[in-house]
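> If you read the protein sequences in the order shown, they are chains A and B. The numbering of the first sequence is this note's numbering, which starts it at 15 and goes up by one. The numbering of the second sequence is this note's numbering, which starts it at 518 and goes up by one.
Rather than coming from a laboratory, the hints here were simulated on the basis of the structure. Backbone N, C-alpha and C define an ideal beta-carbon position, used for all residues, glycine too. Be aware that one or more of the hints could be misleading.
As the list claims (entries may be wrong) - Stretch-level coverage of chain B by chain A, calculated; a stretch enters the list once three of its residues show a Cβ under 8 Å from a Cβ in chain A:
1) 524–532
2) 536–548
3) 561–572
Claimed, not checked - Negatives, chain B to chain A, calculated, CB over 10 Å:
4) M578
5) A593
6) G601
7) T639
8) P640
9) L641
10) F644
11) D649
12) E651
13) Q653
14) A657
Claimed, not checked - DEER-style ranges, computed between Cβ atoms:
15) A:S53 - B:K589: 48 to 56 Å
16) B:E621 - A:A126: 45 to 53 Å
17) A:P104 - B:L564: 55 to 63 Å
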Amino acid sequence: MAGPTSTQDAFDLDRAEAMASRFATEAAHDLQEPLRLLSGYLDLVCAHLDGKVTLDGSKLAHEARATTERMQKLVGSLLESSRVATAPLPDTVIALADPLDDAVKNMRLRLAETGAVVTHGPLPSVRGDTTQLTRLFQNIIENSLKYAGGAAAPVVHVTAQHHAGAWMIVVDDNGPGWPPHGRERLFRPFTRLHGGDVPGNGMGLAMVRAIVEHHGGHVEATDAPQGGARVQITFPEASR
Amino acid sequence: MTQTVLLVDDNASLRQLYRIGLEQVGNMRVVGEAKDGAEGITAAQALRPDIVLLDLSMPTMDGLEALPRIRKASPASHVVILTGFRAERLADIALKLGASAFIEKGVAPTQLADSLRLATATPLPEFHEMGDAERQAFIARVRDLV
């Protein structure tokens with residue numbers, strides 16, 4: 015593999031390594047939980063098989079297997095995110111409306127199911143990877159749909175503002191908004207601020223952060239003016 | 518006498534695992550479960566268990582915020598904090614926070630009841646209400662350690 019050929023390449027490499035390192039630390043921390051569960055179930059299975067206590071060995075073994083399957087999915091998602099952080103970014107300028115439209119097409123059944131509507135204002139172009147940017151919009155929209163639940167159909171609206179040489183992309187929804195606690199952890203892998211009450215593995219927004227940072231941007235969660243959740247992404251301006 | 522336990526942890530699977538370990542192996546009785554600190558306070562007040570097994574990291578209200586309120590809601594309950602971090606690093610400040618002990622989350626379910634019996638064999642730690650500043654300083658110290 016060729017080494018870095020410019021200051022920008024070296025910078026990208028450093029950034030990718032820093033992201034990978036942070037991701038590994040967070041993942042190692044959060045993977046401990048299913049490992050503890052697995053170890054716990056096996057501890058009980060052993061006690062049962064050794065004749066120390068009489069337990070429902072079959073149920074415990076099934077729980078252990080289900081935990082293993084969940085871990086496999088988590089590790090798969092983690093690997094996918096880690097690939098995002100290290101994949102070379104194509105030198106292509108993309109009109110952001112295109113990956114957003116692709117995301118909406120990919121999610122048409124889910125949107126129809128929930129009666130959700132996705133709208134957008136004029137959007138700029140950025141340098142990046144269409145597939146990753148499609149995934150980014152999908153994950154943000156999916157997050158909005160997951161937490162929608164009021165009487166009104168979910169509405170997601172995407173706008174853009176130009177500020178200080180960068181584009182700020184704002185995604186607002188009309189849902190219940192972010193939980194009051196733990197907002198700083200939203201973009202960490204495996205974060206599930208609603209505990210087990212809402213389905214998912216806590217990787218959707220982590221993937222969003224990985225994609226945004228891979229594009230040299232920054233993402234944060236704020237409040238939409240009408241009370242819903244806002245995801246605010248800053249992308250560097252496409253230089254050509 | 519069979520000791521009673523309230524489980525306060527946001528992870529339902531872990532609560533189930535602990536329940537099996539405590540009831541079917543450890544001869545303890547789990548009288549209630551709560552998924553965050555706020556529910557834990559209400560349940561402790563209603564159930565008055567011998568032991569509250571309290572997770573540190575939970576949504577809505579975490580274990581450190583809930584601990585003094587649980588002690589106040591059920592003064593005769595021992596509170597044992599479950600932590601994913603090395604418990605001995607936290608032991609010296611456990612008493613001042615009102616907890617009887619810290620137990621590491623990796624404890625085997627077949628050993629959990631024995632660990633709780635050991636942790637609660639000593640008299641309940643003196644519970645004095647801290648002022649906000651003192652409490653926040655302690656909480657900050659624990660969070661630094663974990």
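> Next step is simple, just say for each hint if it's right about the structure.
These are the hints, each one checked on the structure:
1. For the segment 524–532 of chain B, the stated coverage by chain A holds: 5 residues have a C-beta nearer than 8 Å to a C-beta of that chain, and at least 3 were required.
2. With 4 residues bearing a CB less than 8 Å from a CB of chain A, the segment 536–548 of chain B meets the requirement of three and the coverage assertion stands.
3. For a cut-off of 8 Å, the count of residues in the segment 561–572 of chain B with a CB near a CB of chain A stands at 0, and the three-residue condition is violated.
4. Interface exclusion of B:M578 from chain A breaks down, the closest Cβ pair being 8 Å apart, not more than 10 Å.
5. A cut-off of 10 Å between C-beta atoms confirms that B:A593 is not in contact with chain A; the least separation is 29 Å.
6. At the 10 Å boundary, the C-beta of B:G601 falls inside the reach of chain A, the nearest C-beta of that chain being 6 Å off.
7. Remark: the non-interface label on B:T639 is consistent with the geometry, its nearest Cβ contact in chain A lying 26 Å away (cut-off 10 Å).
8. Once the 10 Å rule is applied to beta carbons, B:P640 is consistent with being away from chain A; the minimum gap is 30 Å.
9. At roughly 28 Å from the closest C-beta of chain A, the C-beta of B:L641 stays outside 10 Å, upholding its exclusion from the interface.
10. Taking the minimum C-beta to C-beta distance to chain A, about 25 Å, the non-interface status of B:F644 holds against the 10 Å cut.
11. Every CB of chain A is more than 10 Å from the CB of B:D649 (nearest about 18 Å), matching its label as outside the interface.
12. The Cβ of B:E651 sits about 22 Å from the closest Cβ of chain A, beyond the 10 Å cut-off, so the non-interface label holds.
13. For B:Q653, the condition that its CB be more than 10 Å from all CB atoms of chain A holds, with the nearest at approximately 16 Å.
14. Chain A leaves B:A657 outside its interface by the beta-carbon criterion, the shortest separation being 16 Å against a cut-off of 10 Å.
15. Distance hint for A:S53 and B:K589: a CB-CB separation of about 35 Å, inconsistent with the stated range 48 to 56 Å.
16. A hinted range of 45 to 53 Å for the beta carbons of B:E621 and A:A126 is consistent with their spacing of about 48 Å.
17. For A:P104 and B:L564, the Cβ-Cβ distance of about 59 Å falls inside the hinted range of 55 to 63 Å, so the restraint holds.
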